[in-house]
Each structure stands twice: as C-alpha cells, then as structure tokens.
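Participant: Letter by letter, the chains look like this.
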Amino acid sequence: DSGVTQTPKHLITATGQRVTLRCSPRSGDLSVYWYQQSLDQGLQFLIQYYNGEERAKGNILERFSAQQFPDLHSELNLSSLELGDSALYFCASTPTVGSGANVLTFGAGSRLTVL
Amino acid sequence: AQSVTQLGSHVSVSEGALVLLRCNYSSSVPPYLFWYVQYPNQGLQLLLKYTTGATLVKGINGFEAEFKKSETSFHLTKPSAHMSDAAEYFCAVSHTGANSKLTFGKGITLSVRP
Numbered sequence: 001d002s003g004v005t006q007t008p009k010h011l012i013t014a015t016g017q018r019v020t021l022r023c024s025p026r027s028g029d030l031s032v033y034w035y036q037q038s039l040d041q042g043l044q045f046l047i048q049y050y051n052g053e054e055r056a057k058g059n060i061l062e063r064f065s066a067q068q069f070p071d072l073h074s075e076l077n078l079s080s081l082e083l084g085d086s087a088l089y090f091c092a093s094t095p096t097v098g099s100g101a102n103v104l105t106f107g108a109g110s111r112l113t114v115l
Numbered sequence: 001a002q003s004v005t006q007l008g009s010h011v012s013v014s015e016g017a018l019v020l021l022r023c024n025y026s027s028s029v030p031p032y033l034f035w036y037v038q039y040p041n042q043g044l045q046l047l048l049k050y051t052t053g054a055t056l057v058k059g060i061n062g063f064e065a066e067f068k069k070s071e072t073s074f075h076l077t078k079p080s081a082h083m084s085d086a087a088e089y090f091c092a093v094s095h096t097g098a099n100s101k102l103t104f105g106k107g108i109t110l111s112v113r114p
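In the order they appear, the protein sequences are chains A and B.
Heads up, the first sequence is in the numbering used here, so the first residue is 1 and it goes up one at a time.
Heads up, the second sequence is in the numbering used here, so the first residue is 1 and it goes up one at a time.
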C-alpha cells in the first residue's frame with residue numbers, strides 16, 4: 001500500500017457521460033499529480049495541484065478538469081466522454097510543490113472504460 | 001523541454017541472464033533521472049533515482065543504473081534476472097525547480113523466460 005488512495009478502481013460508462021475520479025494523497029503530501037496511461041500515448045501528465053492551487057498543466061483536454069480540496073484530496077472530472085478516453089488514470093503525490101528530485105508516490109489507478 | 005526515449009517496447013530474457021533496459025534523455029538543464037516499475041494491476045513504484053553525486057545508482061531488487069552525461073543515457077541493469085522481475089519499466093526525467101514535472105518514457109515490458 002503506497003498510501004495514495006484512488007477510487008473507484010474500475011469504472012465502465014458510456015460515451016457522452018461524465019465521471020469523477022477521486023484521489024487521497026499520502027499523509028503529509030501537499031502536491032497531487034494526475035497522469036493518464038493509455039496504450040498509444042503512454043504515461044501523460046495531465047495536471048498538478050499544490051495545497052489547493054493549480055501549479056502545472058500538461059496534456060489535459062478542455063473536457064477534463066480537476067481540483068484539490070482543503071483536506072488535500074483531489075478529484076479529476078471527465079466529461080463528454082469519448083471512446084479514446086478509456087485509460088488508466090493515476091494519481092501521485094509528493095510532499096512539496098516541485099517534482100524535482102522528489103519521488104512521486106503513485107496510487108493503484110482508476111481504470112476507465114468508455115463504451 | 002525534456003524528453004525520454006526508451007527504444008523498443010519489449011525485452012525478453014532468460015532467468016539468470018543479464019537485464020539491460022535502455023534509456024536516453026533530453027534536457028536543457030541538469031536532469032534528475034528515475035526508473036519506475038509497474039507490476040500488473042498496480043501503480044508505479046520507484047526502483048532508483050539519480051539527482052547529483054555518484055553516477056552509479058543502486059536501487060531495490062538488485063537493479064542499478066549509471067548516469068552518463070556524455071551519452072545522455074541512464075540505462076538500467078540487473079546481473080541476473082528473476083521471474084519476479086517481469087513487469088513494465090519506465091524511465092523518467094525531471095529537474096530542479098518549483099514547477100518541474102516528471103516526464104516519462106513510453107515504457108518497456110520485461111519478460112523473463114524460465
């Protein structure tokens with residue numbers, strides 16, 4: 001158990017729908033990162049939050065959004081889902097704002113299947 | 001900008017054989033380099049990392065990697081493969097700075113034959 005908790009583990013939904021993925025970072029970690037892992041794109045950085053504020057944006061679609069709450073858990077919202085959004089979504093956390101030399105601690109992921 | 005190249009998507013070795021997984025990076029500033037491993041149905045976990053200092057880095061499970069600046073490489077090796085090493089391996093690069101982020105390579109799947 002890495003200490004990073006992601007729910008749900010598996011999610012099957014239909015095109016056009018909206019889903020929310022949840023992440024609780026490791027105790028004491030203030031920074032949360034979201035990554036998307038797909039067969040064709042590999043691991044793609046989506047977005048980072050630090051202590052409630054957005055700090056960095058990667059290849060995140062406009063249909064996707066995220067936020068980090070005062071208790072430091074984070075949610076990734078995916079809307080108007082398309083077949084191509086089917087992927088494994090990982091959350092990771094670090095104690096401080098920059099990933100730099102910090103080791104990212106990953107959760108087990110949420111597998112999204114869009115039918 | 002920074003990037004990582006992991007040539008090939010699959011490597012197969014016999015149990016007891018040398019494991020060599022290649023990684024080349026591109027970075028405009030001194031890099032921090034990482035190897036992560038992903039076992040089936042699990043998240044990624046750190047094998048080893050290089051930040052500064054000794055260029056030969058030892059990690060968990062008998063793995064090690066050497067940072068070679070002149071070759072912009074950070075290849076992962078293990079002298080003797082074990083069946084339990086079968087997994088997907090990711091090389092990643094970052095750098096110092098408050099807004100640095102980790103950039104991953106495409107990953108290499110390691111298979112170990114009995």
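It is possible that part of the hints are untrue.
[Stated by the list, open to error] Partner residues are not named here, just some residues of chain B that face chain A (Cβ under 8 Å, in silico):
(1) GLN42
(2) PHE90
(3) LYS106
These are calculated hints, taken from the structure and not from any lab test.
Where a beta carbon is used, it is the ideal one built from N, C-alpha and C, also for glycine.
Participant: Take the shortest C-beta to C-beta distance between PHE90 of chain B and chain A; is it under 8 Å?
Facilitator: holds, 7 Å
Participant: If you take the shortest Cβ to Cβ gap from GLN42 of chain B to chain A, is it below 8 Å?
Facilitator: holds, 6 Å
Participant: Does LYS106 of chain B hold up as a contact with chain A if the rule is Cβ-Cβ below 8 Å?
Facilitator: holds, 4 Å
The structure shown violates none of the earlier numbered hints.
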